[in-house]
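2 protein chains.
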Amino acid sequence: MLIVQKYGGSSVANAERIQRVARRVADSHQENQQMVVVVSAMGDTTDELIDLIHQLSPQPSERETDVILSTGEQVSMALLAIALEALGRPAVSFTGAQAGILTDNAHGKARIFEINAQRIQEELQQGKIVIVAGFQGMSQEGHITTLGRGGSDTTAVALAAALKADVCEIYTDVDGVYTTDPRIVPEARKLEVISFDEMLEMASLGAGVLHPRSVELAKKYQMPIHVRSSFNRNEGTMVKEVENMERSIAVTGVAYDVNVAKIGVYDLYDQPGIAYKLFKTLSEKKVNVDMIVQSATRNRLNDIAFTCSQADLPKALEIVETLLPEVGATSFSSDDSVAKVSIVGAGMVSNPGVAASMFETLVDEGINIEMISTSEIKVSCIIKADAIKTAVQALHKKFNLA
Amino acid sequence: MLIVQKYGGSSVANAERIQRVARRVADSHQENQQMVVVVSAMGDTTDELIDLIHQLSPQPSERETDVILSTGEQVSMALLAIALEALGRPAVSFTGAQAGILTDNAHGKARIFEINAQRIQEELQQGKIVIVAGFQGMSQEGHITTLGRGGSDTTAVALAAALKADVCEIYTDVDGVYTTDPRIVPEARKLEVISFDEMLEMASLGAGVLHPRSVELAKKYQMPIHVRSSFNRNEGTMVKEVENMERSIAVTGVAYDVNVAKIGVYDLYDQPGIAYKLFKTLSEKKVNVDMIVQSATRNRLNDIAFTCSQADLPKALEIVETLLPEVGATSFSSDDSVAKVSIVGAGMVSNPGVAASMFETLVDEGINIEMISTSEIKVSCIIKADAIKTAVQALHKKFNLA
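Going line by line, the protein sequences match chains A and B.
Numbered by my numbering, the letters in the first sequence go through residues 1 to 402 in order.
Numbered by my numbering, the letters in the second sequence go through residues 1 to 402 in order.
Rather than coming from a laboratory, the hints here were simulated on the basis of the structure.
You may find that some hints are simply not true.
Unchecked claim - With beta-carbon atoms standing in for the labels, derived distance ranges:
1. 315(B) / 190(A): 53 to 63 Å
2. 140(A) / 90(B): 15 to 25 Å
3. 44(A) / 119(B): 27 to 37 Å
Glycine residues also receive a C-beta, built at the ideal position from the N, C-alpha and C atoms.
Just chain A, same shape as in the assembly (with noise of 0.2 Å):
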């Protein structure tokens, strides 16, 4: 039996967690053959290093960010290894590098290609738990590239899959995938099990938990996750591929994200290449447009309309209001009040009529659906930030989620 497991900053964020996390560490390793722990940096070491590079340069060189931004994993993983060592158990800690975790050459937002596991292998064989530095590698030519958003989560299952673990499992601050969030809906249930797909739809649909990208890795490798709480020991949520799933319930879980603006912009030429062009240009900027409505034509013109995070919002505008004339457009607004909630579940492919379920019970609360955006396993709404909490608590509601 192996197994990978991966702790968060808050879990290591003074001496104190550190060694719980060593004991419940310790525990596994008795339950279990062999062990690899990812760890991040403690708490907010990471946000302390960036305030001194800020210090210095307003645009400082990635390469040198990564090389600084580096050290607070391999700050915790060595101090978790003494932790274990006082614990009597013997374990050792490499860096992303020394783990073998080559990735491409994108500081900031490096991506793993592979990893050659062979020294972790052999310290797992001398009966050592091998601790990881998370959200780090090395590039081709010998460069320590941090991988960036979710990266600690998409290191521990990438070496799940490397060394062909049994299991990883991902300790958070909660006790594991719920149908949605509790602090809007008291009853919502936590799921003993999500398929990837949906819990991909859950990830990207801000459920906070697990980063997409870790999720879409350990769907490409087959690797069950096991997301639980590093606070308890109860069993969390197994994330795992789920085939054959004929279940009567349609709906797994509601998501939503309040971190959404929403820009129009109308009358645009309707001529082919258009929408390419604003879409192409908002993508080399790195405004991450998510839906995209188009309306019916009125007259030859088209409005369109699509959604960005908050923070993204004047740098859309400014790339916005600079292609109108090439566009052909009139004119354009945007709105920042606006949330997106979802329902999400595989079961839906095969049911028809949810979505016309998720309309209705929007209109019965009287809120108002801007706009819409549909895949096989997920429908999302735009509606306005005020009706969210109604919104979601009326869907956990009529999907019997509770």
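Fit chain B to the supplied structure of chain A, relying on the hints for placement.
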């Protein structure tokens, strides 16, 4: 022209000081073609990390301790690279491992056995300023190691030797090497030049500017060291080989050390192997013995006196007490209110009577000499600690060092 510069922890203690170092490096880079800069960890970073480690274990793994401590230099080196780039100077930072600094496996006090400087040379050829983490390297097995005390100076000298640099500049908080401590003798004079051998004696005797280890290495590779202040642009002191030194002055400087304790062991058997047994045991238990004096034999019984650091005194006394029966000693004593004063000078060997002049000077001041030790280029005396200031001042005057 290739210069290696080294800046200590106080020179890079915060963002503002790092910017000052960056400006200084940039200025040197204009004058010279190629530059390598070695940095220590920022200010108290190392102490803070050690505190954290000791919260987890009283006897932390030396391997893991090195993993943690090495992050201090990793942060400061990349911050300096970022500060240089903010000044428009292309720079790149390397950890000890990336810089190809290979060491033995003695964690916490590793010794460099080889530098594979290929990566550094490639970056230098591209016109980049190369920043290297001091104090650290990598073992042949790929573990991160630290070099222990004087480590950053040693890194700088070793790199300078490997790269065949023209000079190694060590920046400290003093102007250079003085004839003696200016805090005790205001007339103390900065030396323009000092030989490796003299510097080695001065360094070992507590002058504090350079660690003896880095001076030894510089002597071995005949690498001149320029000791300068990071707070002004004055010329400092050149430490280099001085051939055929026929100077009128016999004495170059007066050094002193107040961190000294003296132990006397009385009436040992006058048999071969007795002193060996005592000092072998002390060495095995890591007590660093400095001076040793064996008195003339009275009735086939010996007295031995030796000195060690005050920190080692309790351990030394414990060892002596345990060994008393084996070495046949009747009693022992200790005194931690002693100090060592030394005169150093390569000209001493061709100037007989220098030692006698020293003893005469001390006697004239009413200072009792408790132990004497000599080498070709120095004479050291153990005296009462409360007389050290008078002794240093009198010797500095006697040998016309002002």
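- At the C-beta level, are residue 315(B) and residue 190(A) separated by a distance inside 53 to 63 Å? Holds - the Cβ-Cβ distance for residue 315(B) and residue 190(A), about 58 Å, lies within 53 to 63 Å.
- Has the hinted range 15 to 25 Å been met by the Cβ atoms of residue 140(A) and residue 90(B)? 21 Å, holds
- With 27 to 37 Å as the target window, see if residue 44(A) and residue 119(B) comply at their CB atoms. The hinted range 27 to 37 Å holds for residue 44(A) and residue 119(B), with Cβ atoms some 33 Å apart.
Consistency with the previously given hints is maintained throughout, with no hint failing.
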